[in-house]
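Student: Here is what each chain is made of, one letter per residue.
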Amino acid sequence: MLELLIAIFNGISIGSVLLMAALGLAIVFGLMGVINLAHGELMMLGAYTTFVVQNVLKGWGDSWFEVYIFLALPAAFLVAALAGLILEKGVIRYLYGRPLETLLATWGVSLILRQFVRSVNGSIAMGIGVFCCLFFGGLFLLRRRRNWERIKKWAIPTIGSLSLAMAIFKILLLVNLGNKALTKPWFSARNVDVTAPVWLQGGLPLGDFQIPSARIFIIILTLLCLIGTYWFLHRSQWGLRIRAVTQNRTMSACLGVRTSQVDGLTFALGSGLAGIAGCAVTLLGSVGPNTGQNYIVDTFIVVVVGGVGNLLGTIVAAMGIGTLDYLIGSKTLVPMLVGVEPWESFFDFFGTTSMSKVIVFALIIAFLQIKPAGMFPQKGRTSEL
Amino acid sequence: MMNQRKGLGKKKLLIEGVAIVAIALILAFVIPAVLPAFRLKLLGRFLGLAIVSLGIDLIWGYTGLLSLGHGIFFALGGYGLAMHLKLQLPSGELPEFFTLYGVDKLPWFWQPFSSFPFTIMAIILIPSLVAALLGYLVFRNRIKGVYFSILTQAALLVFFNFFNGQQKLINGTNGLKTSTEHIFGVMAGSDSAQWAFYEITIVCLILAYILCRWLTSGRFGRLLVAIRDDEMRLRFSGYNPTGYKVLVFAVSGAIAGVAGALYTVQTGIITPKFMEVAFSIEMVIWVAVGGRGTLVGAIVGTLLVRYARTILSEEFPEVWLFFQGGLFLLVVTVLPDGIVGWIRDKRWGKKRVITYPGLEEMVEPQMNADEYG
Amino acid sequence: MDKILITDNLTVSFDGFRALNQLNFTMNTGELRVVIGPNGAGKTTFLDVITGKVQPTTGKVLFQGRNLRGIPEQEIARLGIGRKFQTPRVYLGLTVRENLDLVCNRFKNVFSTLFRTPSFTDRRMVMGLLETVGLGGKRDLKAALLSHGEKQRLEIGMLVAQSPDLLLVDEPVAGLTDEETENVGALLLALAESHSILVIEHDMEFVRQIARQVTVLHQGTVLCEGTMDEIQGDRRVIEVYLGESEATLATGNNQS
Chain F
32 MLELLIAIFN GISIGSVLLM AALGLAIVFG LMGVINLAHG ELMMLGAYTT FVVQNVLKGW
92 GDSWFEVYIF LALPAAFLVA ALAGLILEKG VIRYLYGRPL ETLLATWGVS LILRQFVRSV
152 NGSIAMGIGV FCCLFFGGLF LLRRRRNWER IKKWAIPTIG SLSLAMAIFK ILLLVNLGNK
212 ALTKPWFSAR NVDVTAPVWL QGGLPLGDFQ IPSARIFIII LTLLCLIGTY WFLHRSQWGL
272 RIRAVTQNRT MSACLGVRTS QVDGLTFALG SGLAGIAGCA VTLLGSVGPN TGQNYIVDTF
332 IVVVVGGVGN LLGTIVAAMG IGTLDYLIGS KTLVPMLVGV EPWESFFDFF GTTSMSKVIV
392 FALIIAFLQI KPAGMFPQKG RTSEL
Chain P
831 MMNQRKGLGK KKLLIEGVAI VAIALILAFV IPAVLPAFRL KLLGRFLGLA IVSLGIDLIW
891 GYTGLLSLGH GIFFALGGYG LAMHLKLQLP SGELPEFFTL YGVDKLPWFW QPFSSFPFTI
951 MAIILIPSLV AALLGYLVFR NRIKGVYFSI LTQAALLVFF NFFNGQQKLI NGTNGLKTST
1011 EHIFGVMAGS DSAQWAFYEI TIVCLILAYI LCRWLTSGRF GRLLVAIRDD EMRLRFSGYN
1071 PTGYKVLVFA VSGAIAGVAG ALYTVQTGII TPKFMEVAFS IEMVIWVAVG GRGTLVGAIV
1131 GTLLVRYART ILSEEFPEVW LFFQGGLFLL VVTVLPDGIV GWIRDKRWGK KRVITYPGLE
1191 EMVEPQMNAD EYG
Chain D
5 MDKILITDNL TVSFDGFRAL NQLNFTMNTG ELRVVIGPNG AGKTTFLDVI TGKVQPTTGK
65 VLFQGRNLRG IPEQEIARLG IGRKFQTPRV YLGLTVRENL DLVCNRFKNV FSTLFRTPSF
125 TDRRMVMGLL ETVGLGGKRD LKAALLSHGE KQRLEIGMLV AQSPDLLLVD EPVAGLTDEE
185 TENVGALLLA LAESHSILVI EHDMEFVRQI ARQVTVLHQG TVLCEGTMDE IQGDRRVIEV
245 YLGESEATLA TGNNQS
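Chains as they are written, first to last, in our numbering: chain F, 32 to 416; chain P, 831 to 1203; chain D, 5 to 260.
Read the hints as simulated data drawn from the structure, not as lab findings. Because the structure is a prediction, the values reported are computed rather than measured. There could be a bad hint or two in this list.
[To be verified] Covered by chain F, according to a simulated footprint, are these stretches of chain P (three or more residues, beta-carbon under 8 Å):
{"hint": "1", "stretch": "977-986"}
{"hint": "2", "stretch": "990-1002"}
{"hint": "3", "stretch": "1107-1119"}
We treat Cβ as the ideally placed atom computed from N, Cα and C, and that holds for glycine.
In isolation and in its complexed conformation, chain F is listed as follows (with noise of 0.2 Å):
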């Protein structure tokens, strides 16, 4: 029995992770009916602002070493929200209304921030500086002019192309000149290990098992991260904006809502979480760049399966099909139906990491065959035209 607990404590730690990722991203869907396929490279970001934290912070002495993660956790969120304030105002304000297309260009954006964190190194960023240095200089003075909006159509893509091809001249010749420091690269393709702090590593005693005080700090952590999203979602000024522009967005503009700062914002905190996610991943093992992949598909069947705009549903949905892939997964269940077959050998054979998710797969189409848009689904007249 206490085995059964301890499996379902370790279920919903890492549906807490789950929960967690899925919740900027259920609030992004929510809003603007995008699909974020960069998001688990956001938690990616996160991840590794936490790596960066921790190791300027080793640096500092020990006493600082310890409460590093006070310190990465709002670094992870200010990083990973400013990459996504990035990515919406750069892409993804111009595909509102084609969320296949939003779906195929923030996978670009994946995987360009993949190989990125793998080869960035000094000349790289010195490219990436020239290059913003050059292109927003360049509207900047280009937008003082009269006749703007008539230039403004070939304007953009030429000075882009312009400063895209000094930046990339500027990394090329970096590179040439052979400066060790400028070109290795940051992080390289291997992973990178977090060290926890010692009062996470540990574990609370339970009977003959131990709890792991890291998986406890991620289950706080989500739940302060829902009550601040609830918080801010239900009772400020800009929670109650974005409600607007989720239920209907062109009254709400109508109404003087700046519809593009609420998305702009929303999108923000939602890869903010990701970011908050990213850093709690350190927590449980090494990460690279592939880290995000590992999480993202998941997150998006807890989308699916909670239902467009609810939190509730999300948090059900992520706990859920967190325990069930453990319990599954671990294994949990066989020892309870031995001589109960063909059940044993079922879940025998369905009893590893890769396999449970074959049953959790199938258990969700079922499920979708009785509830097709989600655990709680939005009612009423308007909800299509």
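Using the hints, position chains P and D against chain F.
Tutor: Chains P and D in isolation, oriented as in the chain F frame:
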């Protein structure tokens, strides 16, 4: 008037047919004579991949359903043929890898694959049945748009996990190597066999093209476009879109299965990597680059992107992912109709269509509220 | 068998809100009926229930004596109920002619769509309809390029191509110019010769042009029924349209 139009249509069809035959003849006889064997092999693989993109174009370009899980069908076809090749052994012997895992009896589902006709049937039917089942379960509940895409992606991950984890059944991560096996007494990796595969690929590509061309013209094709435009409206016109969608998804799956089988024997191995998430999304970009909703575009796009990939990964391996990512962004934002669509617009741009309101004005967007969610 | 549509104590509620409340409505075969009502009276929900998009919470809808509960939309459409939407919904990626041809098809299952070629009568019907809705010159143009009014007419054409027994028309003249409105009105009157038509409309001018029998919906129930003149004189109708106090004022003025 009516007859004139009909005559015009027939003439166009004739020109298309002649063009296809001409291109096919060049591909089949001229190219092998000029290209070195290595490059020819590459072209053969790419033509195999072009077959999948025809299937994806059918389901995405015409019907508007973005499947991110075509790797499933592709790999199922590949595994089917690879299993047949693995079984070309003296009777009583098992494929080598089984002995490594201590399996001494051929699993039941391997047995029928020793027959060649069964294998061919299986390559076509198994992927299409899987697609039909998945499609039926999803479409019957009116799950569409991004939900469908996500579910196909999840299904892909599930199949990947399954094939990856089952060493004792299908050699797990290592996959099945076909290049050293024999088919009809010829080694599959040999030049003569590879040449045969290349020719068969061309035939299959043409057959797939004709199939898709037939499906997308006429009432059925218009119905697919109607599903893409406004599925709910179609129900009020008395059509049930579910059956159409299931059929198209199944056909698309079967096409992918054939492509997978041809690609596998030309690559020499099939592993669960064929079912990686990234590969299946890459298939979509081939179609998008060429131009969705045009079958020629799907083929052209595949060849272009794959050649770009080969060149880039030979020269600068790191740049390929940046390039691919950039390609996704570019195609979606700047070239939504792909290369073929862009060329077509350029040509037709001269012949102005006069309408009210003018084409430059915003045509009132007809959006489904449910797409916004 | 001369009642084409009967609703019996029809109630539809969304999370407790009753969009339709104990609605009893009957319509004769061959009738042209106009339904009016203020915003939120349940007009569109009424059409949603008839066409099967929304299931009734309680009560039933009888079409030619047949209970429609549980029948999916496409089956209801095949039984002979056609619907035109408030904002025109046509297939934007198809040409005008293809739009009509698709709806006109009598055999709507997968395989006959695949293997049958359009019959001669189908093609003639499409040609005739192109003339009727006045889009003959634009038949090979993508529907996305049509103006709002042209889309409205195309959709009415598609409705007719479906040859239903009962046409449900939701605000056919919303956003049209006066001339276009008159055209649509004439079109509907011509169609009423051979079909039963239920029109939902806001535009009173237009209602007066076409209406014989008018039903007023209010808060999900039938407020009153009668000819246009009777309706305009009805106190309750004035009340729900103008509000309580003004209504007393208005009727007061009438009496004096």
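Student: Does each hint fit the structure? Answer for all of them.
Tutor: A quick look at each hint next to the structure:
Counting residues of the stretch 977-986 of chain P whose beta carbon lies closer than 8 Å to any beta carbon of chain F gives 7, which meets the minimum of three for the stated coverage. Here the stretch 990-1002 of chain P counts 4 residues with a CB under 8 Å from a CB of chain F, which clears the bar of 3, and the coverage holds. Counting residues of the stretch 1107-1119 of chain P whose C-beta sits closer than 8 Å to any C-beta of chain F gives 6, which meets the bar of three, so the coverage hint holds.
Violated hints for the displayed structure: none, as all numbered hints are satisfied.
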